[in-house]
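Q: Residues per chain, in single letters:
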Amino acid sequence: TQLLEQSPQFLSIQEGENLTVYCNSSSVFSSLQWYRQEPGEGPVLLVTVVTGGEVKKLKRLTFQFGDARKDSSLHITAAQPGDTGLYLCAGPMDSNYQLIWGAGTKLIIKP
Amino acid sequence: EAGVVQSPRYKIIEKKQPVAFWCNPISGHNTLYWYLQNLGQGPELLIRYENEEAVDDSQLPKDRFSAERLKGVDSTLKIQPAELGDSAVYLCASSLGTGSWGLFFGEGSRLTVL
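Chains A and B are the protein sequences, given in the same order. For the first sequence, our numbering begins at 117 and goes up steadily by one. For the second sequence, our numbering begins at 41 and goes up steadily by one.
For the record, the hints were derived by calculation from the structure and aren't laboratory data. There may be inaccurate statements among the hints.
[Said to hold, decoys possible] With a straight-line Cα cutoff of 35 Å, these simulated DSBU-like cross-link-like pairs (lysine-lysine) come out:
| # | chain 1 | residue 1 | chain 2 | residue 2 |
| --- | --- | --- | --- | --- |
| 1 | A | 222 | B | 102 |
| 2 | B | 118 | B | 102 |
| 3 | A | 175 | B | 118 |
| 4 | B | 56 | B | 118 |
| 5 | A | 186 | B | 55 |
| 6 | A | 226 | A | 186 |
| 7 | A | 173 | A | 186 |
| 8 | A | 222 | B | 51 |
| 9 | B | 111 | B | 56 |
| 10 | A | 222 | A | 173 |
| 11 | A | 222 | B | 55 |
| 12 | A | 186 | B | 111 |
| 13 | A | 186 | A | 172 |
| 14 | A | 226 | B | 118 |
| 15 | A | 186 | A | 175 |
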């Protein structure tokens with residue numbers, strides 16, 4: 117059972133469209149991190165959200181942490197082919213600081 | 041500033057052979073991680089070091105996998121003997137600390153066991 121469920125698992129859309137991907141849990145996390153991974157590369161940290169209800173923007177990417185700190189979303193406005201990649205969310209278990217990872221959302225933006 | 045450096049990038053071996061991966065973390069990062077990643081999946085932790093100490097190795101298959109970080113900087117992950125199911129990407133990451141600190145990953149070492 118995944119402690120962090122990401123949805124959808126796969127998303128393929130046209131350039132210029134908007135999209136939202138989700139990272140959900142039944143557990144409370146003190147923070148959640150979002151990473152993007154391109155083929156043949158390691159994941160790259162995009163953002164860390166810490167406060168319940170927090171919204172962070174990174175150019176066309178908007179990250180939100182749920183009020184109860186159990187879920188997070190990533191919204192991309194006017195998606196571009198360069199946004200293609202595997203989007204991973206991860207959060208620390210407070211008991212031992214082990215980082216729990218979701219299985220990822222594979223995003224393809226078609227030109 | 042240099043990022044996390046891993047080598048080799050690619051390795052092809054026959055089953056039952058040994059293999060070793062090397063990682064040099066970002067300078068000043070005390071926490072070092074080794075992850076295994078299968079295609080299209082999230083990373084799975086193998087071992088986490090705080091300086092020289094392995095603080096979480098519960099997911100490391102200790103019958104065939106071993107790791108060391110002798111001087112609290114570079115680290116080596118070894119598999120002996122390799123099995124077909126070990127084919128995966130082995131990622132090394134480092135961070136300033138645990139908890140909310142983000143991880144910085146290397147490019148990974150892709151292992152193919154024939």
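Q: Each hint should be assessed against the structure and marked as holding or not.
A: Against the structure, the hints:
1. A:222 to B:102: Holds. Residue 222 of chain A to residue 102 of chain B sits at ~32 Å (cutoff 35 Å).
2. B:118 to B:102: holds (10 Å)
3. A:175 to B:118: Not OK: residue 175 of chain A and residue 118 of chain B at ~41 Å, beyond 35 Å, violated.
4. B:56 to B:118: Answer holds: residue 56 of chain B to residue 118 of chain B is near 13 Å, not above 35 Å.
5. A:186 to B:55: Cα-Cα ~42 Å, so violated.
6. A:226 to A:186: holds (32 Å)
7. A:173 to A:186: Answer holds: residue 173 of chain A to residue 186 of chain A is near 19 Å, not above 35 Å.
8. A:222 to B:51: Since the Cα atoms of residue 222 of chain A and residue 51 of chain B sit roughly 26 Å apart, the hinted pair holds (cutoff 35 Å).
9. B:111 to B:56: holds (29 Å)
10. A:222 to A:173: holds (21 Å)
11. A:222 to B:55: holds (31 Å)
12. A:186 to B:111: violated (38 Å)
13. A:186 to A:172: holds (17 Å)
14. A:226 to B:118: violated (40 Å)
15. A:186 to A:175: Satisfied, since the Cα-Cα distance of roughly 25 Å is no more than 35 Å.
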